[in-house]
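Note that the protein sequences, when read in sequence, are chains A and B. The opening residue of the first sequence carries number 795 in the numbering used here; numbering runs sequentially from there. The opening residue of the second sequence carries number 795 in the numbering used here; numbering runs sequentially from there.
Keep in mind the hints are simulated off the structure, nothing from the lab. There may be inaccurate statements among the hints.
No copy labels: a pair is met if it fits in one copy or bridges any two.
[Stated by the list, open to error] Calculated pairs, DSSO-like style, for lysine-lysine (alpha carbon to alpha carbon, straight line, at most 30 Å):
#, residue 1, residue 2
1, K1016, K798
2, K1007, K798
3, K910, K1013
4, K1021, K845
5, K798, K1021
6, K1013, K798
7, K952, K910
8, K845, K1007
9, K950, K962
Computed from a predicted structure; not experimentally measured.
Protein chains: 2
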Amino acid sequence: MNNKGILYLIPTTLGESAYSQVIPSFNNTILQEIDVFVVENIKTARRFIKKTAPEKVIDDLVFYEINKRTNLDMLPTFLKPIDEGKNIGVISDAGCPGVADPGADVVALAHQNNIKVVPLVGPSSILLSLMASGFNGQSFCFNGYLPKEQKDRVRKLKDLERMAIAQKQTQLFIETPYRNHHVMEDLLANCNPNTKLCVAVDITMASEQIVTKTIVEWKSTKIDLNKRPCVFLLG
Amino acid sequence: MNNKGILYLIPTTLGESAYSQVIPSFNNTILQEIDVFVVENIKTARRFIKKTAPEKVIDDLVFYEINKRTNLDMLPTFLKPIDEGKNIGVISDAGCPGVADPGADVVALAHQNNIKVVPLVGPSSILLSLMASGFNGQSFCFNGYLPKEQKDRVRKLKDLERMAIAQKQTQLFIETPYRNHHVMEDLLANCNPNTKLCVAVDITMASEQIVTKTIVEWKSTKIDLNKRPCVFLLG
């Protein structure tokens, strides 16, 4: 593969947790060697680099932004430095790039151009909540965001419950944080009393709560989900 | 939750990679404070603790083994120290406990007893291969091991291909390492030439290869998968 650079996928923290708590020190070593970044948000990425690699001169770095507003025709330009032997880092707003964010497009393009892609270890709310749920980790599905309309959302929740029970396949999903309590209400009103639900909020933060109960147990449990990042799991 | 201990889920390396490369330093801090462990394999767990926390006196530690041979009626005994305020660590053979291993049972029991469960960050071949595949990370399914019989395996592969394409849902699966080449042959013989396949071997090791190509491109590509840990992804 000659002298091409490498595309590194560099995880960030989920919210306000300490870097050493969730990021291996090796990631900093890699970060030191990179001057070109493809990021979901330049401001967030600058802040992350300043905190993890304070000796880097931020003004010397090159940032390309990739998000909903990016013209995807520009992606090949972003990867140009790789041909010159430079490494590039992909950094998303929170957690692991490529999982539920636009970073996947730049990774796909790298493969089409025979560019080596190396993922670094870091926190993923999906994986951490699965580990801590006590549910089946041998078969699981992440379903992204739920439908916005309540009617559609309830239908989807019932589908997911059916799959979780019938196929013993853990079903994970998320919702915009200010709508979490709607999802919780819909779950309590529509799922079988014996179905198990894990609610995982503020993962890796001091306020982290990961709790698994049956629907009937949840009915008598108070938990504040409003505006807190949350993963729901049925298993 | 009074003075109960905490159940920590402590990831290990995948094969022979360096600890600092894939494990945050915080995990060692937690490890220092734990003297009771529920592990998939005592020998592997001892070796891991010796390497990451060399100052710990291994002979003072208590290990309970949880694997296929464990009588699950014994699990409540394993968690007893939690009632006395002691923390317990769960360590599996490789990667993240609770994902595709028997650790999930002890986590489920912890929730039933209102024990706090805290997952620590570490390497997962499932998540790392997903990040680096360039496939959809907004919707994905991990399907565990494939059927052993070729006829059943081919049927399953075709099902997974259909779901990957029709629902744009990334399908991940694994196979016993000495059978990897059978899976690869079945994929090449049965999938659509344009279907995209990511093959991720030796993740986090020096020999790591994560490559995404179409089936037709794979037909003219040589890759040695024999006895190497490998994740397959269709996307």
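Hint by hint, here is what the structure shows:
1. For a Cα distance limit of 30 Å, the shortest separation of K1016 from K798 across copies, 20 Å, qualifies, whereas the shortest one inside one copy, 54 Å, does not.
2. In the homo-oligomer, the alpha carbons of K1007 and K798 lie at most 30 Å apart only across protomers (19 Å), although the nearest pairing inside one protomer, at 51 Å, exceeds that limit.
3. Taking CA atoms no more than 30 Å apart as the test, K910 paired with K1013 passes between copies only; the shortest distance there is 20 Å, against 49 Å inside one copy.
4. In this assembly of identical chains, the alpha carbons of K1021 and K845 lie at most 30 Å apart only when taken from the same copy (25 Å versus 41 Å across copies).
5. Taking CA atoms no more than 30 Å apart as the test, K798 paired with K1021 passes between copies only; the shortest distance there is 29 Å, against 43 Å inside one copy.
6. In this assembly of identical chains, the alpha carbons of K1013 and K798 lie at most 30 Å apart only when taken from different copies (24 Å versus 56 Å within one copy).
7. Only between protomers do K952 and K910 lie at most 30 Å apart by alpha-carbon distance; the minimum there is 28 Å, versus 41 Å within a single protomer.
8. Proximity of K845 to K1007 under the C-alpha cut-off of 30 Å is found in neither arrangement, the shortest distances being 38 Å within a copy and 37 Å between copies.
9. Within a single copy, K950 and K962 get their C-alpha atoms as close as 17 Å, and across copies as close as 17 Å, so both meet the 30 Å cut-off.
Checked against the numbered hints above, the structure breaks only hint 8 and satisfies the rest.
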